[in-house]
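Participant: Same order as they appear, the protein sequences are chains A and B.
Take the first sequence: its position 93, counting from 1, is numbered 93 in this note's numbering, and each next residue is one higher.
Take the second sequence: its position 138, counting from 1, is numbered 572 in this note's numbering, and each next residue is one higher.
Read the hints as simulated data drawn from the structure, not as lab findings.
The reader is advised that the hints may include incorrect statements.
To be verified - Away from chain A, derived, C-beta distances all over 12 Å, residues of chain B:
| no. | residue |
| --- | --- |
| 1 | P476 |
| 2 | D593 |
| 3 | A614 |
| 4 | P622 |
As the list claims (entries may be wrong) - Partner residues aside, some chain A positions facing chain B, computed with beta carbon under 10 Å:
| no. | residue |
| --- | --- |
| 5 | F45 |
| 6 | G52 |
| 7 | I61 |
| 8 | I68 |
| 9 | P70 |
| 10 | A143 |
| 11 | L262 |
| 12 | A263 |
| 13 | R265 |
| 14 | Q394 |
| 15 | L396 |
To be verified - Footprint (simulated), chain A over chain B, 3 or more residues, beta carbon under 8 Å:
| no. | region |
| --- | --- |
| 16 | 446 to 452 |
| 17 | 579 to 587 |
| 18 | 596 to 610 |
| 19 | 645 to 658 |
Note that CB positions come from ideal geometry on N, CA and C, so glycine has one too.
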Amino acid sequence: MTHRSDRSLSVAGLARVEGEGAMHIRVDDGEVTDVRLEIYEPPRFFEALLRGRGYTEAPDITARVCGICPVAYQLSACRAIEDACGVTVDGTLADLRRLLYCGEWIESHALHIYLLHAPDFLGYDGAVELARDHRSIVERGLAIKKAGNELLTVLGGRAIHPVNVRVGGFYRAPSPAELAALVPALRRALDDALSTVEWVARFEYPDFHHDHELLALVEPDRYAIESGTPATDRGLSFAVRDFEAHIVEEQVPHSTALHASLAGRGRYLTGPLARYALSQHLLSPLARQAAGAAGLDVDCRNPFRSIVVRAVELVYAVEEALRLIEAYRPPQLAAVAVPPRAGVGYGATEAPRGTLFHRYALAADGTITSARIVPPTAQNQASIEHDLRALVGQRLHLDDHRLTHECEQAIRNYDPCISCATHFLTLSVERSHR
Amino acid sequence: MSAAPTLAVWKFASCDGCQLSILDCEDELLAIADRIRIAQFPEASRAVVAGPYDISLVEGSVTTPSDAERIRRIRAQSGLLIAIGACATAGGIQALRNFADVEEFRSLVYARPEYLSTLDTSTPVAAHVTVDLELSGCPIDRRQLLDTLAALLVGRRPDLPGHSVCFDCKARGTTCLLVAGGVPCLGPVTRAGCGAICPAYGRGCYGCFGPAATVNAPALVARLRELGMTEPELTRVFRTFTAAAPAFAAAVPAEEAGA
Chain A
1 MTHRSDRSLS
11 VAGLARVEGE
21 GAMHIRVDDG
31 EVTDVRLEIY
41 EPPRFFEALL
51 RGRGYTEAPD
61 ITARVCGICP
71 VAYQLSACRA
81 IEDACGVTVD
91 GTLADLRRLL
101 YCGEWIESHA
111 LHIYLLHAPD
121 FLGYDGAVEL
131 ARDHRSIVER
141 GLAIKKAGNE
151 LLTVLGGRAI
161 HPVNVRVGGF
171 YRAPSPAELA
181 ALVPALRRAL
191 DDALSTVEWV
201 ARFEYPDFHH
211 DHELLALVEP
221 DRYAIESGTP
231 ATDRGLSFAV
241 RDFEAHIVEE
251 QVPHSTALHA
261 SLAGRGRYLT
271 GPLARYALSQ
281 HLLSPLARQA
291 AGAAGLDVDC
301 RNPFRSIVVR
311 AVELVYAVEE
321 ALRLIEAYRP
331 PQLAAVAVPP
341 RAGVGYGATE
351 APRGTLFHRY
361 ALAADGTITS
371 ARIVPPTAQN
381 QASIEHDLRA
391 LVGQRLHLDD
401 HRLTHECEQA
411 IRNYDPCISC
421 ATHFLTLSVE
431 RSHR
Chain B
435 MSAAPTLAVW
445 KFASCDGCQL
455 SILDCEDELL
465 AIADRIRIAQ
475 FPEASRAVVA
485 GPYDISLVEG
495 SVTTPSDAER
505 IRRIRAQSGL
515 LIAIGACATA
525 GGIQALRNFA
535 DVEEFRSLVY
545 ARPEYLSTLD
555 TSTPVAAHVT
565 VDLELSGCPI
575 DRRQLLDTLA
585 ALLVGRRPDL
595 PGHSVCFDCK
605 ARGTTCLLVA
615 GGVPCLGPVT
625 RAGCGAICPA
635 YGRGCYGCFG
645 PAATVNAPAL
655 VARLRELGMT
665 EPELTRVFRT
675 FTAAAPAFAA
685 AVPAEEAGA
């Protein structure tokens with residue numbers, strides 16, 4: 001079984017990813033001839049249904065692209081619409097947006113680390129199975145997740161599809177007392193996040209490295225979350241408004257997600273590994289110390305270790321939330337006025353899974369005339385397929401069961417969000433029998 | 435019940451938010467797993483137990499020919515089938531295609547629309563198979579889901595309200611935005627269940643739980659006009675997350691508007 005030169009590996013329905021997809025890998029004469037991350041999530045045509053809607057509706061409508069990272073959609077949409085209207089939202093309102101986004105990072109990273117990714121390293125099918133043997137560990141993850149969701153609930157009204165975000169700011173700014181009530185749970189979450197870094201640092205990681213170009217938003221003086229300028233680890237940098245000139249999307253037959261690449265440069269990767277490589281020096285001293293103790297270098301090229309990077313970002317997001325709450329003074333107005341005007345606007349933020357670009361064209365009365373959304377998973381799809389090809393090529397000695405599981409794991413390394421990318425995954429490895 | 439009932443979670447066209455509500459039951463998730471056997475829930479586990487299942491939770495709307503077949507197979511192996519969320523109960527935001535030309539939608543988003551297999555409409559689960567219970571909302575309310583599962587475990591009727599958001603605003607002590615503030619609000623025609631969140635945050639309800647059991651849409655439409663809403667705005671406000679729900683689809687003229 002283990003030394004057949006022609007094989008085919010398949011997983012028809014990938015588990016512990018957000019949304020629906022499949023993997024299909026074909027090996028002929030010991031060579032990997034085809035790798036397909038099939039995304040069969042049914043298309044929902046967001047970019048088409050946004051046309052004719054009011055400019056103030058974009059945050060609520062695009063939130064529905066993804067139930068795991070709705071804040072990312074809301075805030076990329078807000079930034080793009082505000083850009084089109086020539087309005088900048090700064091000061092306390094920008095701080096509140098960063099605070100809300102920290103809630104989403106905490107909730108999403110805790111979900112991925114504990115419920116979706118860690119079971120792979122420990123040999124369990126899922127977190128419920130993991131909890132049968134290690135209940136207190138799963139409870140710790142759920143407590144961190146809950147702290148993030150409580151932040152989203154207080155500031156956003158609810159954790160999934162928050163209602164309090166609007167173009168220009170918020171419908172209602174929280175009182176200092178409402179935010180202060182979150183502090184005890186966040187302090188516990190900070191200790192738990194540090195324990196998480198120590199826990200995942202002890203996992204065994206396959207020896208595997210990638211050489212993808214890494215793209216993330218960067219800011220001069222802090223770890224980019226809700227704003228920033230796109231940059232890569234190989235020196236490319238461009239304004240958000242120029243993203244369409246640099247990021248090229250193409251359709252492939254096996255996917256309802258569009259594949260993105262950098263014009264003239266090829267595949268690239270966005271997400272925690274990219275953010276860490278570009279901005280780790282801007283993490284808090286505590287997060288950097290935790291990263292160092294976990295054995296992370298200034299750059300992490302092993303996608304399996306992305307779980308460690310996510311845990312370090314978890315530490316940072318909790319600390320940052322505590323810092324922002326401490327510094328909070330209520331704004332005079334919960335939102336700034338954003339009068340409509342004809343124009344095109346661009347927005348990008350760092351979703352938990354990577355850079356999320358939005359572009360809208362508006363008519364003079366604010367009616368959306370065209371929209372474009374480039375989600376992280378669509379950007380990462382080519383790199384994930386590249387990893388699968390390299391991984392399978394190095395591991396043909398493994399039996400189908402083991403190899404298929406490692407491939408599934410390689411996909412989960414990137415926390416793919418298929419719901420987002422569809423406009424994404426089932427897994428199959430095919431080895432032809434002679 | 436002697437043995438723990440089995441639960442399956444299924445996804446159709448959706449954002450994953452409603453099934454995420456299950457994982458968002460942070461304090462109760464492990465207790466649920468002690469009482470209910472999670473037999474099929476791909477987002478949470480690789481383990482799959484073959485059907486039939488005592489309870490199926492279905493998220494998402496039917497938008498492809500293969501999904502129209504799949505929902506029948508799921509119905510056939512489910513004891514109770516519960517549709518969860520605005521997509522599964524009303525077609526979701528993607529039901530805006532029902533009012534438009536899908537061919538044009540396809541070609542607008544995809545360069546090679548021929549690669550896609552999609553239906554002209556996004557339809558709720560009940561348009562295809564018998565549904566035993568429906569949980570409204572975009573997303574569903576986590577507490578309502580917990581109450582429904584608890585009710586099924588002890589054999590009582592789940593508490594799923596048919597009244598409007600207005601009742602819950604009164605219960606919450608929120609001053610009426612529509613009456614006192616002249617803020618357009620869909621609360622009077624929208625099913626309760628969210629906890630009347632939006633008005634408590636100073637914004638009008640935007641109807642994400644769909645129509646209440648009894649709705650007087652013309653009266654609200656008249657009031658919204660008085661408040662200065664234009665016809666395209668009126669159409670859009672009823673045609674968002676539960677656009678294809680009959681009481682909302684009928685609230686505004688049938689012709690394509692606002693686009």
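Participant: Take the hints in turn and mark each one as holding or not.
Facilitator: Results for each hint:
1. A beta-carbon of chain A comes within 12 Å of the beta-carbon of P476/B; the shortest separation is about 5 Å.
2. Distance check for D593/B against chain A: the nearest CB is about 19 Å away, which clears 12 Å, and the non-interface claim stands.
3. The claim that A614/B lies off the interface holds: its Cβ sits roughly 16 Å from the closest Cβ of chain A, which is beyond the 12 Å cut-off.
4. Once the 12 Å rule is applied to beta carbons, P622/B is consistent with being away from chain A; the minimum gap is 18 Å.
5. Against a cut-off of 10 Å between C-beta atoms, the interface hint on F45/A holds, since the closest Cβ of chain B lies about 4 Å away.
6. Because the closest C-beta pair between G52/A and chain B is about 3 Å apart, less than 10 Å, the hint holds.
7. Interface hint at I61/A: satisfied, since its Cβ lies 6 Å from the closest Cβ of chain B, which is below the 10 Å cut-off.
8. Nearest Cβ of chain B to the Cβ of I68/A: about 6 Å, under the 10 Å cut. The hint holds.
9. With 10 Å as the threshold, the beta carbon of P70/A comes within range of chain B, its nearest partner Cβ sitting at about 7 Å, so the hint holds.
10. Using the Cβ-Cβ criterion of 10 Å, the hint placing A143/A at the interface with chain B is satisfied: the shortest such distance is roughly 7 Å.
11. Below 10 Å, beta-carbon pairs count as interface contacts, and L262/A has none with chain B, the closest being about 19 Å; its hint is therefore violated.
12. Look at A263/A: its Cβ only gets to about 16 Å from chain B, farther than 10 Å, so that hint breaks.
13. A cut of 10 Å between beta carbons decides the hint on R265/A: the least distance to chain B is about 21 Å, and the hint is violated.
14. Because the smallest distance between the Cβ of Q394/A and any Cβ of chain B comes to about 23 Å, over 10 Å, the interface hint for this residue is violated.
15. Of the supplied interface hints, the one on L396/A is violated, with its beta-carbon coming no nearer than about 23 Å to a beta-carbon of chain B, more than 10 Å.
16. With 7 residues having a Cβ less than 8 Å from any Cβ of chain A, the region 446 to 452 of chain B passes the three-residue criterion, so the hint holds.
17. Evaluation of the coverage hint for the region 579 to 587 of chain B: breached, as 0 residues show C-beta separations to chain A shorter than 8 Å, against a requirement of three.
18. Given as covered by chain A, the region 596 to 610 of chain B fails the check, having 0 residues with a CB less than 8 Å from a CB of that chain where 3 are the minimum.
19. Counting residues of the region 645 to 658 of chain B whose beta carbon lies closer than 8 Å to any beta carbon of chain A gives 0, which falls below the threshold of three, so the coverage claim is violated.
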